[in-house]
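Keeping the supplied structure of chain E fixed, place chain P with the ligand upon it in accordance with the hints.
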Amino acid sequence: MKILVTLKPVPNPDEKVKVREDGKGIVRENIKTVVNPFCEIAVEEGLRIREAHGGEVVVLTVGPRESDQQLRTALAMGADRGILVEAAGDLDSLAVAKVIAKVAAEEKPDLVLNGKQAVDDDNNQVGQILAALLSWPQATFVSKLEPDMGCRKAKATREVDGGLETIEVPLPAVITADLRLNEPRYASLPGIMKAKKKEVKLVPVASLGVDTKPKVRVLSLTPPRQRSGGRKVADVAELVSLLSNEAKIL
Amino acid sequence: MDFTLPEELLIFRDTLRKFVEKELEPISEQVEEEDHIPDRIVEKMKDLGLFGLAIPSEHGGYGMSVLGQCVAMEELSRTNACFRTRIGTNNGIGSMGIVIAGTEEQKRKYLPRLASGAMTGAFALTEPNAGSDASAIRTTAVRKGDKYILNGTKHFITNGDIAGLSTVMALTDRPKGTKGISAFLVEEGFPGFSVGKIERKMGFRGSHTCELLFDDCEVPAENLLGREGEGFRIAMQVLDKGRLMMGACALGAIERLIELSTTFAKTRVTFGEPIINRQAIQWMLVNMAIDAYAVRNAVYHAAWKLDRGERVTKEAAMVKVLATETACRAADSAVQIHGGMGYMKGMAVERFYRDLRLLRIYEGTSEILRMIVAREMSR
Ligand SMILES: Cc1cc2nc3c(=O)[nH]c(=O)nc-3n(C[C@H](O)[C@H](O)[C@H](O)COP(=O)(O)OP(=O)(O)OC[C@H]3O[C@@H](n4cnc5c(N)ncnc54)[C@H](O)[C@@H]3O)c2cc1C
Numbered sequence: 001m002k003i004l005v006t007l008k009p010v011p012n013p014d015e016k017v018k019v020r021e022d023g024k025g026i027v028r029e030n031i032k033t034v035v036n037p038f039c040e041i042a043v044e045e046g047l048r049i050r051e052a053h054g055g056e057v058v059v060l061t062v063g064p065r066e067s068d069q070q071l072r073t074a075l076a077m078g079a080d081r082g083i084l085v086e087a088a089g090d091l092d093s094l095a096v097a098k099v100i101a102k103v104a105a106e107e108k109p110d111l112v113l114n115g116k117q118a119v120d121d122d123n124n125q126v127g128q129i130l131a132a133l134l135s136w137p138q139a140t141f142v143s144k145l146e147p148d149m150g151c152r153k154a155k156a157t158r159e160v161d162g163g164l165e166t167i168e169v170p171l172p173a174v175i176t177a178d179l180r181l182n183e184p185r186y187a188s189l190p191g192i193m194k195a196k197k198k199e200v201k202l203v204p205v206a207s208l209g210v211d212t213k214p215k216v217r218v219l220s221l222t223p224p225r226q227r228s229g230g231r232k233v234a235d236v237a238e239l240v241s242l243l244s245n246e247a248k249i250l
Numbered sequence: 001m002d003f004t005l006p007e008e009l010l011i012f013r014d015t016l017r018k019f020v021e022k023e024l025e026p027i028s029e030q031v032e033e034e035d036h037i038p039d040r041i042v043e044k045m046k047d048l049g050l051f052g053l054a055i056p057s058e059h060g061g062y063g064m065s066v067l068g069q070c071v072a073m074e075e076l077s078r079t080n081a082c083f084r085t086r087i088g089t090n091n092g093i094g095s096m097g098i099v100i101a102g103t104e105e106q107k108r109k110y111l112p113r114l115a116s117g118a119m120t121g122a123f124a125l126t127e128p129n130a131g132s133d134a135s136a137i138r139t140t141a142v143r144k145g146d147k148y149i150l151n152g153t154k155h156f157i158t159n160g161d162i163a164g165l166s167t168v169m170a171l172t173d174r175p176k177g178t179k180g181i182s183a184f185l186v187e188e189g190f191p192g193f194s195v196g197k198i199e200r201k202m203g204f205r206g207s208h209t210c211e212l213l214f215d216d217c218e219v220p221a222e223n224l225l226g227r228e229g230e231g232f233r234i235a236m237q238v239l240d241k242g243r244l245m246m247g248a249c250a251l252g253a254i255e256r257l258i259e260l261s262t263t264f265a266k267t268r269v270t271f272g273e274p275i276i277n278r279q280a281i282q283w284m285l286v287n288m289a290i291d292a293y294a295v296r297n298a299v300y301h302a303a304w305k306l307d308r309g310e311r312v313t314k315e316a317a318m319v320k321v322l323a324t325e326t327a328c329r330a331a332d333s334a335v336q337i338h339g340g341m342g343y344m345k346g347m348a349v350e351r352f353y354r355d356l357r358l359l360r361i362y363e364g365t366s367e368i369l370r371m372i373v374a375r376e377m378s379r
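For the record, the sequence lines run as chains E and P. Residue numbers for the first sequence follow the numbering used here, beginning at 1 and rising by one. Residue numbers for the second sequence follow the numbering used here, beginning at 1 and rising by one.
Bear in mind the hints are in silico, worked out from the structure with no lab data behind them. Take the hints with a grain of salt, since some may be wrong.
[Unchecked claim] Calculated lysine to aspartate or glutamate pairs in the EDC-like style (CA-CA distance at most 20 Å, straight line):
no., chain 1, residue 1, chain 2, residue 2
1, P, Lys147, P, Glu188
2, E, Lys32, P, Asp133
3, E, Lys196, P, Asp161
4, E, Lys197, P, Asp332
5, E, Lys196, P, Glu8
6, P, Lys46, P, Glu23
7, E, Lys32, E, Asp14
8, E, Lys32, P, Glu310
9, P, Lys345, P, Asp332
10, E, Lys232, P, Glu273
11, E, Lys196, P, Asp14
12, E, Lys16, P, Asp161
13, E, Lys32, P, Asp14
14, P, Lys266, E, Asp92
15, E, Lys16, P, Glu21
16, P, Lys22, E, Asp80
17, E, Lys198, P, Glu7
18, P, Lys18, E, Asp14
19, P, Lys22, E, Asp92
20, E, Lys194, P, Asp14
21, E, Lys32, P, Asp161
22, P, Lys266, E, Glu15
23, E, Lys194, P, Glu7
24, P, Lys22, E, Asp14
25, P, Lys46, P, Glu218
26, E, Lys198, P, Glu8
27, E, Lys32, P, Glu7
28, E, Lys108, E, Asp80
29, P, Lys44, E, Glu183
30, E, Lys197, P, Glu8
31, E, Lys2, E, Glu15
32, E, Lys196, P, Glu58
33, P, Lys147, P, Asp173
[Unchecked claim] If we take Cβ atoms under 7 Å as the criterion, some of the chain E residues that face chain P in the derived model are:
no., residue
34, Gln69
35, Ile83
36, Tyr186
Glycine is no exception: its CB is placed at the ideal position from the N, C-alpha and C atoms.
Pulled out of the complex, with its shape left as it was, chain E reads as follows:
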């Protein structure tokens, strides 16, 4: 089984981000870049499938040259090789999906595994657009995945509002990973040492012949409103009165 896993480098979600002065992006300086947690789950799933069924796990990132570190982290977890499509600046979901589609057409994987969304923009689009571009079936928000190579299909359990849905998709297919799919392993020291010898192919985005001109323009970013301090009330009656008259939520 050949599995293509995509990785998005994102600003560390544990750090406080600031909106840039022009209001069109965030300040990147001094913010650590990490692998999008959902993509990490996708890598782990790819590794588990390979361990059970054999095959190859290829990791793919579309991003700046420095994303090499995130790819190496995935290689240290156990992925076999990496592809870094070098692109400066932010690409929108469509552009990224087009790039992945192009790579998938070349690599011909049985499965493409994406994170269900990236924790920076929370767009939740790439997997879906990719499936459409490739005309492949898709299973999104997957919390359990059982591929069956013999019958060239996969059973996927999806987390939907208020419950679980189990569907079957023929392969090749696009799968997007949800939080409960697995608990990713660490990049161990033995893994890191092995990763040093693994291949990361650098591909300039321009060489792919894909139109990456953005269709989406960010007009502005607004930070969440600062929380104002709490207020003490004397009794329940005052609380109820404030909630209905001042806060107007009752």
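Showing chain P with the ligand alone in chain E's frame:
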């Protein structure tokens, strides 16, 4: 000058940061209560490669640079000190003697097991009457045919109760002083070797410090490390790196103390305001940060020097004094900032306060290290 860490180290640091936050920190109080690290955690430490950081790759380890080992120790020191102590002997004094002076046979026999964590190493020099003054040791080793017979008592030996292999210093030629000290590789189960008392101590719970008893203990002659009389010299060679590591451990602890204290100061309100708004508190935090900055640069610089193959006896001694004394000061400030809470069991700063105190005593007391620096300065 380039201060960026190599990519592989950045990845490993991230791994350790996550491992500490997700797996070690949540059980650090449990370990404190039970005085024992759960086996499943030790297994995870093995999987991560932590027991073999320093052991060369041709012997089953990962041959990390000294800088890399410093980064690893720094990260692991952000939580209960027993965790990094669990792997400390295997990466330091419990294995490095073999790396430096071992025969091919000894290396093949022991290093892969130490690197994987299948075997824990210990180092036994200190005796009831010989700590700083190692030349005063009384444990003897007498050659008898193809064996040495060891007699004596070691005390305060870290990981002594769980060690599969202890490097033991014993006198083969008393009149020669330190030049009469030889090093022996003693396996658990050798006839006449046993573990005595396990000490109750101020801190470092989860890590055991033990007495080792040698009663006509039989050690095969091929387990002599180096030649007769080389034991002390071998130990001293290993110590420079050990002291640097101590500096890295202190650094990790200081960084954590700053975080804990800052978070606390932001949320603790007195007289209607968070205490972090008070200059008295700010200056304590600032002084901790200034100290951490100085310590970091000193530790990393000495590591860089050692990685270039330079002699760092003076630097390593200075780094250990600077880092460990600074860490104790930081722990004191951290407890002060926490007020009464800082004195309560279950608060990390209370634990750090006790644990860090050890760092000024073992692997060379501050006094002995200052003597070493003085000697180096007058060379
Ligand atoms: C928790 C713990 C773990 C340990 N683990 C190990 C281990 O794994 N292996 C091992 O071999 N040892 C270990 N030790 C022993 C440790 O290295 C010694 O305790 C340390 O070297 C000090 O020796 P001492 O206790 O005999 O103190 P002493 O040497 O008796 O010193 C007492 C005081 O006198 C000072 N002093 C001594 N000589 C001089 C001098 N010439 N000038 C000025 N001041 C002086 C010292 O600095 C100290 O303040 C451990 C100790 C502890 C507490």
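For each hint, the structure was consulted:
no.	hint	result
1	P:Lys147 to P:Glu188	holds (16 Å)
2	E:Lys32 to P:Asp133	violated (48 Å)
3	E:Lys196 to P:Asp161	violated (37 Å)
4	E:Lys197 to P:Asp332	violated (46 Å)
5	E:Lys196 to P:Glu8	holds (8 Å)
6	P:Lys46 to P:Glu23	holds (14 Å)
7	E:Lys32 to E:Asp14	holds (9 Å)
8	E:Lys32 to P:Glu310	violated (33 Å)
9	P:Lys345 to P:Asp332	holds (15 Å)
10	E:Lys232 to P:Glu273	holds (16 Å)
11	E:Lys196 to P:Asp14	holds (16 Å)
12	E:Lys16 to P:Asp161	violated (46 Å)
13	E:Lys32 to P:Asp14	holds (11 Å)
14	P:Lys266 to E:Asp92	violated (39 Å)
15	E:Lys16 to P:Glu21	holds (18 Å)
16	P:Lys22 to E:Asp80	violated (27 Å)
17	E:Lys198 to P:Glu7	holds (14 Å)
18	P:Lys18 to E:Asp14	holds (12 Å)
19	P:Lys22 to E:Asp92	violated (33 Å)
20	E:Lys194 to P:Asp14	holds (17 Å)
21	E:Lys32 to P:Asp161	violated (42 Å)
22	P:Lys266 to E:Glu15	holds (17 Å)
23	E:Lys194 to P:Glu7	holds (14 Å)
24	P:Lys22 to E:Asp14	holds (14 Å)
25	P:Lys46 to P:Glu218	violated (31 Å)
26	E:Lys198 to P:Glu8	holds (13 Å)
27	E:Lys32 to P:Glu7	holds (13 Å)
28	E:Lys108 to E:Asp80	holds (16 Å)
29	P:Lys44 to E:Glu183	holds (14 Å)
30	E:Lys197 to P:Glu8	holds (12 Å)
31	E:Lys2 to E:Glu15	violated (35 Å)
32	E:Lys196 to P:Glu58	holds (17 Å)
33	P:Lys147 to P:Asp173	holds (16 Å)
34	Gln69	holds (5 Å)
35	Ile83	violated (17 Å)
36	Tyr186	holds (5 Å)
Consistency with the previously given hints fails for numbers 2, 3, 4, 8, 12, 14, 16, 19, 21, 25, 31 and 35, ordered from lowest to highest.
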